[in-house]
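Which chain is which? The protein sequence lines are A and B, in order.
Residue numbering for the first sequence follows the working numbering, starting at 1 and increasing by one per position.
Residue numbering for the second sequence follows the working numbering, starting at 1 and increasing by one per position.
Simulated from the structure, these hints should not be mistaken for lab results.
Quick caveat, the model's predicted, so the values are computed rather than measured.
Check before you lean on any hint, since a few could be wrong.
Claimed, not checked - Each computed BS3-like pair below joins lysine-lysine, with the alpha-carbon atoms no more than 30 Å apart: (1) LYS477/A x LYS398/A; (2) LYS247/B x LYS247/A; (3) LYS433/B x LYS349/A; (4) LYS398/B x LYS477/B; (5) LYS73/B x LYS433/A.
Each chain, letter by letter, is given below.
Protein chains: 2
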Amino acid sequence: MACPSPFPDGDFVATFDPRLFRESSETALALLEEHLADHSVRGLNLTDPAVLLGAARALMTTESRHVAKFDAKRLGAILDLYIRTGIPVHSPGYMGRQFSGVVPLAAVVDLVSSVVNQPSSFYEAGQLPNVAERIMAEELNRFIGWEPGTFAMVTTSGGSLANLTALLAARNQHFPSYWAEGTAAQGAGGRPAIAVGADVHYSVERAAGVMGIGAGQIVRLPLNARRQICVERARAALDEARARRLKVFCLVASAGTTAVGAFDPLDELAALARERNLWLHVDGAHGASLLVSDRLRDRLRGIEQADSLTWDAHKMMYVPAPCTMLFYRDRQHSLGAFRQKASYVFDEKPDIYTELDSGDKNFECTKRPMIMTLWTLWAMFGPSLFAQKTEYLCRLTKEAHRILESEPDFRTLHVPEANILCFRHHPAELEDKDVHRFQVAIRDRVKQRGTFFVSKVDVDDVAALRVVMMNHQITTKHFRMLLDEIRRAGQELLGTERTPHQRTGHE
Amino acid sequence: MACPSPFPDGDFVATFDPRLFRESSETALALLEEHLADHSVRGLNLTDPAVLLGAARALMTTESRHVAKFDAKRLGAILDLYIRTGIPVHSPGYMGRQFSGVVPLAAVVDLVSSVVNQPSSFYEAGQLPNVAERIMAEELNRFIGWEPGTFAMVTTSGGSLANLTALLAARNQHFPSYWAEGTAAQGAGGRPAIAVGADVHYSVERAAGVMGIGAGQIVRLPLNARRQICVERARAALDEARARRLKVFCLVASAGTTAVGAFDPLDELAALARERNLWLHVDGAHGASLLVSDRLRDRLRGIEQADSLTWDAHKMMYVPAPCTMLFYRDRQHSLGAFRQKASYVFDEKPDIYTELDSGDKNFECTKRPMIMTLWTLWAMFGPSLFAQKTEYLCRLTKEAHRILESEPDFRTLHVPEANILCFRHHPAELEDKDVHRFQVAIRDRVKQRGTFFVSKVDVDDVAALRVVMMNHQITTKHFRMLLDEIRRAGQELLGTERTPHQRTGHE
Chain A
1 MACPSPFPDG
11 DFVATFDPRL
21 FRESSETALA
31 LLEEHLADHS
41 VRGLNLTDPA
51 VLLGAARALM
61 TTESRHVAKF
71 DAKRLGAILD
81 LYIRTGIPVH
91 SPGYMGRQFS
101 GVVPLAAVVD
111 LVSSVVNQPS
121 SFYEAGQLPN
131 VAERIMAEEL
141 NRFIGWEPGT
151 FAMVTTSGGS
161 LANLTALLAA
171 RNQHFPSYWA
181 EGTAAQGAGG
191 RPAIAVGADV
201 HYSVERAAGV
211 MGIGAGQIVR
221 LPLNARRQIC
231 VERARAALDE
241 ARARRLKVFC
251 LVASAGTTAV
261 GAFDPLDELA
271 ALARERNLWL
281 HVDGAHGASL
291 LVSDRLRDRL
301 RGIEQADSLT
311 WDAHKMMYVP
321 APCTMLFYRD
331 RQHSLGAFRQ
341 KASYVFDEKP
351 DIYTELDSGD
361 KNFECTKRPM
371 IMTLWTLWAM
381 FGPSLFAQKT
391 EYLCRLTKEA
401 HRILESEPDF
411 RTLHVPEANI
421 LCFRHHPAEL
431 EDKDVHRFQV
441 AIRDRVKQRG
451 TFFVSKVDVD
461 DVAALRVVMM
471 NHQITTKHFR
481 MLLDEIRRAG
491 QELLGTERTP
501 HQRTGHE
Chain B
1 MACPSPFPDG
11 DFVATFDPRL
21 FRESSETALA
31 LLEEHLADHS
41 VRGLNLTDPA
51 VLLGAARALM
61 TTESRHVAKF
71 DAKRLGAILD
81 LYIRTGIPVH
91 SPGYMGRQFS
101 GVVPLAAVVD
111 LVSSVVNQPS
121 SFYEAGQLPN
131 VAERIMAEEL
141 NRFIGWEPGT
151 FAMVTTSGGS
161 LANLTALLAA
171 RNQHFPSYWA
181 EGTAAQGAGG
191 RPAIAVGADV
201 HYSVERAAGV
211 MGIGAGQIVR
221 LPLNARRQIC
231 VERARAALDE
241 ARARRLKVFC
251 LVASAGTTAV
261 GAFDPLDELA
271 ALARERNLWL
281 HVDGAHGASL
291 LVSDRLRDRL
301 RGIEQADSLT
311 WDAHKMMYVP
321 APCTMLFYRD
331 RQHSLGAFRQ
341 KASYVFDEKP
351 DIYTELDSGD
361 KNFECTKRPM
371 IMTLWTLWAM
381 FGPSLFAQKT
391 EYLCRLTKEA
401 HRILESEPDF
411 RTLHVPEANI
421 LCFRHHPAEL
431 EDKDVHRFQV
441 AIRDRVKQRG
451 TFFVSKVDVD
461 DVAALRVVMM
471 NHQITTKHFR
481 MLLDEIRRAG
491 QELLGTERTP
501 HQRTGHE
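Build out the structure end to end from the sequences listed, making use of the hints.
Here it is, written out as structure tokens:
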């Protein structure tokens, strides 16, 4: 190593210059303003990864011995490529996924978070984020209805991690020696198992596989015609699981499901959970935000009886991903998911500061202060911003369903309860055996044409087209345009299918 | 529900106005520029949470029926409070934690990420982020040394999640039926166990508790005088574990440890792992970044023999948290941590696009495109930015150690291998029995005085003061100022201790 020098003298120091920060911010802002103002109807501009790799590589400096000088043109080209190749979440052509064009102010708050860099698992490292978590817990609990001071909320990096955390708390409560002794702890009483609706998000099954419950010990509860857990048949399924020596300790309900946006009947499931001594976890990643609306809250009737609730603000509260909240009805349960000591972060003697730490309740040690985007929007605009947008999206989805009902070449699969709608295109000439691959092929073709972006989902093992209305720029006019686009794709496909047969497999 | 309307007519629409984005950005930029330019020496301004709660509540709109009008003054006050109450990561007084003042351009990229909102577990949702992951994997592998095309890298939300993911891949490889059958899968052959250095990060023990291995099945390997895993004694500890019917399947090495920044001898541990058929996971959350420096790379000699490696770019690559990379030596192993299907995200037939998806390899479904900050810095400035800053910080830490060695009232505990340094203040009049609480009390008092922010750690069960040099604005002059501050605190404490005895407990 070279002779020690007490001063940083490398050319790297210039990269920290605040003036460079201003200059690069201006480059970004100009591009972003233009991007936000573009409401043209467009879908996904899907680029061959090899081509994009080449384009990205070509934008990189080749300087390696020294720090390359700041090149505003290079930065502009990088950011432009980034923006252009993304899903256009602000366009009315985007109907495909559950993430939203964000309220732009939330992104500005994220900029501040990235500069001040306050990982927020510990109060001393992020004082305002920890206080804002307390406030948002209280604010949102007004729509849940627990007694102040009796419940708890922690933020964590995404709905999958929140689901895992809740299931760990449930597991550790029902099997107190599981944390320390792991697999050795049980034996008598059957193998631990988790009951879920058949349409539950894949992260729940994944969590079971992660935590040593065994993904095979998932008891799938049958759904009714509305694709909700059917409570009566659930009872029978639980009995049957007991007969197979599975010890179900947790029931996971969805509010709503990823596939079609169905809300399980929480009231009745809570009664069932009490009856069987099960932890009731509600995966409200998508739909918990409906609680904020007086008109839509009813979908989650019974939510106050849940033991835990996953709530993604990065879906229907329109902030950048991830911003996930995990609520516990019983404050004490929030301490049940993890147990550990580490003298460099956990203090021996709790005080008024460490009382706000969340590092013992959330999985992460370093955690982004994700609550700041949500709290700032709430503080600046109030709850009505969220209620209004969500109400519009749900109203629009209902309208879209009504439109489909009047079109003979489309088949609906459910009455939408939120902003997700699944359906199939079914022209008269389509044979039943081809329905599945026809929908997949339409999805692909619509995506390739680039005007609309929709997704697909299997409903009862047959593919369906799926739209998620996340963008309030979308009107029924755009939905009708989409249907025309689907018809066009369908006609092309049916034309194609009459000639070389082997092509269909690749569509 | 009201009569369906095809147009969004609420006052919420105005919150999405691009001009509002520009206006709020200007408010933020002005505050951030000032913040970045302030290099005054200051520590933590720790506020009573109740006071901060009141201040934050007072900044919130009370409007709930309508969307409150944008109020630039309110926004300025919120952001100002956010900035003022954070740890001043850009100040030379900040020596306490492992997160850094970021390269400001990285924060600008984060702003873009938050606006374009491209969750990056799937190529179609975030094309450039997925391509940038490939590029960074290749770029950083130049310092690891694997054959191109044979290894894999995924990003994930923090080092704890990366460690869990790697341990899951190891668990599933050694116990192939664990994922589906969980706890029922083993029995014969002993209980699964993980061997770690005694100073391993708490997330590893936590991961064991999470994944059903049992936090009690952690085999702690003894350390040598440099606080590295002692390879000879490790052999004996593994033998002893086998005798207790523990089936160790994974060895976790640290590069470097959180406590003192010690680097375990990877070369020798890799040989041991091969000999015993163990998965070698290296937690390089803190220290893997030293690989980028020609002068420091040697600390990780043998890294190419690891099965997996956790590498946090949000520590010594100076980007906002979190930005964690998890490398696998064997590309196939990256598919081993999770198994699932979900028709709304995973396609039946892989193609050139889905080949870049990471949703089957990382825990998250919705994942922030965290690589974009790192890749953009790399593309704009090249590797030298990182190498230079890290070399300076390590040089500075060595200098600080040299200074301590010449001060009779300080005791060093280790020769620093990176940028973490632990020591104790030990004035002549201090009795041995008081050493532990004296260090804790000094840490608290220094923190309260607000000029410096340092942390503490227990080394061999006795508290020590700990500095982490993350800021290149720090020079040896500041370190000497810190020592004076510590002496002042010590004198006050020794004075205090002679009068009412019961006070010490609260220091």
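Is the straight-line distance between the alpha-carbon of LYS73/B and that of LYS433/A 30 Å or less?
At roughly 63 Å apart (the allowed maximum being 30 Å), LYS433/A and LYS73/B break the hint.
Does LYS477/B lie within 30 Å of LYS398/B when you go C-alpha to C-alpha?
holds, 14 Å
Are LYS433/B and LYS349/A close enough, with their CA atoms no more than 30 Å apart?
Judged against 30 Å, a Cα distance of about 19 Å means the pair holds.
Just to be careful, I want the Cα atoms of LYS247/B and LYS247/A compared with a cutoff of 30 Å; is the pair within it?
holds, 27 Å
Check the hint pairing LYS477/A with LYS398/A against an upper bound of 30 Å on the C-alpha distance.
Given that 30 Å is the threshold and the Cα spacing comes to 14 Å, the pair holds.
Hint violations for this structure: number 5 only, all remaining hints satisfied.
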